[in-house]
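Visitor: Going line by line, the protein sequences match chains A and B.
Position one of the first sequence corresponds to residue 1 (the UniProt record's numbering), numbered consecutively onward.
Position one of the second sequence corresponds to residue 1 (the UniProt record's numbering), numbered consecutively onward.
Hints listed in this document are in silico derivations from the structure and should not be mistaken for laboratory results.
Each residue gets a CB set at the ideal place from its N, CA and C atoms; glycine is no exception.
Mixed in with the good hints, there may be bad ones.
Said to hold, decoys possible - One-sided and incomplete, this derived list gives chain B residues near chain A with beta-carbon spacing under 8 Å:
id : residue
1  : N163
2  : L165
3  : L167
4  : C168
5  : K169
6  : I299
7  : C342
8  : I343
9  : I348
10 : Y349
11 : I357
Claimed, not checked - Distance condition first, Cα-Cα at most 20 Å in a straight line; then the derived SDA-like pairs of lysine to any residue:
id : chain 1 : residue 1 : chain 2 : residue 2
12 : B       : K161      : A       : T670
13 : B       : K363      : B       : M350
14 : B       : K296      : A       : L725
15 : B       : K169      : A       : T670
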Amino acid sequence: VNDKAYGGSSAPEAPVHENPEWEKARQALASISKSQNSTKTSPTNRTTSQAGQYQTAVTDSSAMQQQQQQQQYYPWYPQNQQQYPGYAYPYYNYYPITTFVDVECLCYGVPGAYPPPTTPTGQPPAMPMMEEQSSSYSSEPQPPPPAVPQPPPQSPTSSDQPPPPPPPPIPPPPNAQYPPPPSQNPYNPNGALPYSPTDSNPMRGYNHGQPRPSYQGYQPPGYPPPPQQGPGQGPYGGAGRGDGNKKPNNANMNKGGQQLWNRMKQAPGAGGVKFNIQKRPYVMANQNFPPGEQPPGLATSTAATAATSAATTSTAGAAQAGPQDWPQAMKEYVQRCFAACETEEDKDRTEKVLKDILQSRLQDGSAFTIDWTREPLPDVKPRQSRWEAVPQRSQENASGRGGATRGRGGARLGNYRNVFSQRSPSSSSSRSSSRSPSPHSRHRDRSRHRRSDSGSQSDSSISSDLRPISRRQQRGGRGRGEERDRGRGGERGRGRGGKANRGRRNMDDPGSGIGKKRKGGNAGLDFHDPNREAKKQSRAARFHTKRTEPLVLNINAFDLPNGTQEGLSWEDCPIVGTCQDITKNYLRLTCAPDPSTVRPVPVLKKSLTAVKAHWKTNQDYQYACEQMKSIRQDLTVQGVRTDFTVEVYETHARIALEKGDHEEFNQCQTQLKALYKDCPSSNVGEFTAYRLLYYIFTKNSGDLTTELVYLTPELREDECVSHALALRAAWALGNFHRFFQLYKRAPRMAAYLIDKFVERERKLALGAIFKTFRPSVPVEYVQSSLAFPCLDTCLAFLTGLGVAFTPSDPSKIDCKASSACLTTS
Amino acid sequence: ETHLKIHYILPREEQVLEAIDTRDGVFCAELLSFKHPHVANPRLQLSSPEDKCQQVLEPPYDEMVAAHLRCTYAVANHDFVEAALPVMFAVTLDLRVFANNAEQQLQKKGKGKVGDMLEKAAEQLMSCFRVCASDNRAGIDDSKKWGMLFLINQLFKIYFKINKLHLCKPLIRAIDSSNLKDDYSMAQRVTYKYYVGRKAMFDSNFKLAEEYLSFSFQHSHRSCQRNKRLILIYLLPVKMLLGHMPTTQLLKKYDLMQFTDVTKAVSEGNLLLLNEALAKHETFFIRCGIFLILEKLKIITYRNLFKKVYLLLKTHQLPLDAFLVALKMMQVEEVDIDEVQCILANLIYMGHIKGYISHQHQKLVVSKQNPFPPLSSVS
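Extracted from the complex, chain A is given alone in its bound form (with noise of 0.2 Å):
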């Protein structure tokens, strides 16, 4: 469904941005609240997980879910996975199932122990859980119309979702949204097909200076798409793709899903039953959660679950509403203690204190008067765990600026990404991947530098998870995009537009989220206008604050991406290629190279001969520069830097300014200054000669005068150098006759790069001759001077601009009637 919504709302990117932070904050909110209820919400979360799961599934579980807490946590896990795969979201549309909660609710009996104080009562208690969840769910739906073409698919299930009781699958009609490949989709536009790489077509279209299209669609072949990325990936990552569609969906998994995962994984202060199917549940958390913050959240509610079980249904009640009204500072401080946790045992600690400080605050109302953004972190190592987030902050800034931070695929990633955020299914692509539960894509973050386009993916979604609390903590400036967008969406009820861009974290907590958000809506708008003035208060007490941290981290921070990005150059991570093509296509490489698909020189230097030839009997531009850019990529992946790399730069130069490709010469030329310096060939002055003249063709006195600081006395003799000096000095000082006597003489190619001015050196020329000769030019005296090849040429050109020819005598031109044609053309 959201498809298209996710891709206009990706258009304006500004909400996209102030959203992510936003949700994270919800999340971790919506964890603490849920911990605070304790047992109440991850009961209930489960509850409805578990109907989903049972509907679906069919599993009989219910006894199971009588044992304890935790325990049915173990056995869902498993179903949890396979439903991932195949239905990402029937799970999803069992969500509210009544029956279910309330069982729930009543065999464990698990309280919401702490009462929230503003909270109305009004909600049915037994799932106050289900309720938020689902109001957010339908919100959801809602928003999509404006910027959604396709409402189909969503509105249905949005619309089913509300009222509770219809167990039966509504699936299918999602699913359709769902179709397993649905990845390509939202891609192919672009041109998957229209660029596979077979086609020679795409390349052509790439030559010509268009980079933007070729480069999506060499995304296709580059990223081999989520099939690639384990098993998870199939629905998730078409699902990702099509991102808006997978919202809902999504949502309701992570919800279910991934909170019962993290929550099985963070167990640990619970003391619950600890599960061996934990891996991959790990894995899970870590991709989609920043390690310092999401987790805790999660960890929270269970370890609340476990701990305490004294409240009320009813109080649970009370409190899950709570969340939403706490005041804003109070859940940012919230988030930053989570975030401060360096450890799984301080996020325990942190959570118990957090728990009861909290709790007391609610309670005695204090929570809405109190400056959160003064009150001090739990003394749970606060002060490390700062220092610790600051690094990570550092490093996103400089992904973000220099496009590398994180080692090699880190780096390939920012751009990836960015190019992908451009269009609507990107985000929700990274978000696929790092969701989905393969171990695969666990593996591949931890080896980044390996070809792994999910990998890598759900790498920066991770870290563009850590970003925004980071950033907060450090930044009061930061928060403000997140509460204009907060204050819109409550008004629209929203759930897509920035949210749904940034999809990933939507997902991460989008229950808890949405329903916040929801809430806000329905509540009405005061809840959140009040809190605006709060939050900029509290902002601006944030920015002092932050004052008193130690700038020092900032300079170290500084230092490590120089330090990766240093470490990204080709030569300090050679490939030796195994391809044994003599010809290849060229692909704009949008990751780390594959060896298999790499020529190695030996090769390379058959295909060079191979073009050459080619080229000599077919003139065949289209296919000399493919190749000849493929050869070039695969030298430079190869970190090859040898005289034959100068070989092929040269050919490809060469043949680049016989055709007049201004790109490639211009980009050769820049490479074979570089190589010069390394490898000095016999052709340095032909070179030379030729950057001299283009700068003369750009008229760029500043570089051409760079450009003469670094001529060697040697450099000046050299034939080709000297001809440019010469054809310069002559240029400089209007010199006609000598210009053009040069340009008859130029040695080389040079005559092609004149060529390209020689018809504005000519008019200007004219502009002279006619203003200075009287009564009249013989146009003989032109066409040598001019250095036209034959009197037709020169008598074309010249009735071309209008000349006036004397009346008596057609071969002399009239000066004085003809000074007028210049000015005018």
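Starting from the known structure of chain A, arrange chain B on it as the hints suggest.
Guide: Quick look at chain B alone, frame taken from chain A:
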């Protein structure tokens, strides 16, 4: 009391010094940071700490520290704009200097793209500039716009270094449209006009270049001999193109004797000497970036040479052969009658000679009145 102050400052600065010596950048940054508690020390809050800093520290650190101390003073007096600008100045200046050094280092290592570091620095400066320029508050006294010119000057320095003169245009426009442009400090204005003048020179707008560079030259502080010399390097060619030849005295005073032969050759119309002079000091001229400008003096030299021919022949109808002879005397290579026509055509086209060529009769016919108008009236 002064004694006391120094007493208290010195240890601090020595700390800084030590930090610099030991290349302990982190510690140094801390000492210069406002997050360090020393800021609260009233003894460090000086209104004019420059002298003391200069005594203890080497440039550019003295400036940095001075600005910092000045800032502590200003902050203590709750004057934030005044506080912020010097700091920004110092920091941005350092940024540029560091970028420069980083660039050089990278070049030595053969790594990185040329100008990459500088471009990054320029980006940062640009973002500062935007902040300053977008301060639209009514009060002029504490407007951030006072920071604009300094930043622009820093940006100019970078842009000139990396040959991106076209990027200067919007900056110049910003200042032109600013109502503060005449109220900035003279030092900043001198720098600004110097760069704008240079840019005008490269754009062949010699009149404007002369105006700006002259302003710079006349208003630089008399102690800044080096700056004045730098200005002259560009002002001289411009002046010569406009027909004003420098005196030997001036050239001597500023150690610019490389120009003496050039000056002489141009005024005498001695093409040969000019070529020799240019060749002799080519490296110097090229490094200064004025070689291409000086080259244009050839046109003036042609004019002066041909004027001599005209004066010798004392007629208004000058055979082209006469000019050919003159050029050959100046040992111009491979010159022929067509080239003579070409050179004459250019001179006429540019207005250095009033007259026309009769191709049929192979003669230059010059105006009876003022055939060689004074240079200053031409360009």
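Visitor: Each hint: holds or not?
Guide: To see whether the hints hold, each was checked on the structure:
no.: 1; hint: N163; result: 4 Å, holds
no.: 2; hint: L165; result: 6 Å, holds
no.: 3; hint: L167; result: 11 Å, violated
no.: 4; hint: C168; result: 11 Å, violated
no.: 5; hint: K169; result: 14 Å, violated
no.: 6; hint: I299; result: 6 Å, holds
no.: 7; hint: C342; result: 4 Å, holds
no.: 8; hint: I343; result: 7 Å, holds
no.: 9; hint: I348; result: 5 Å, holds
no.: 10; hint: Y349; result: 4 Å, holds
no.: 11; hint: I357; result: 5 Å, holds
no.: 12; hint: B:K161 x A:T670; result: 19 Å, holds
no.: 13; hint: B:K363 x B:M350; result: 19 Å, holds
no.: 14; hint: B:K296 x A:L725; result: 15 Å, holds
no.: 15; hint: B:K169 x A:T670; result: 26 Å, violated
In summary, the numbered hints that this structure violates are 3, 4, 5 and 15.
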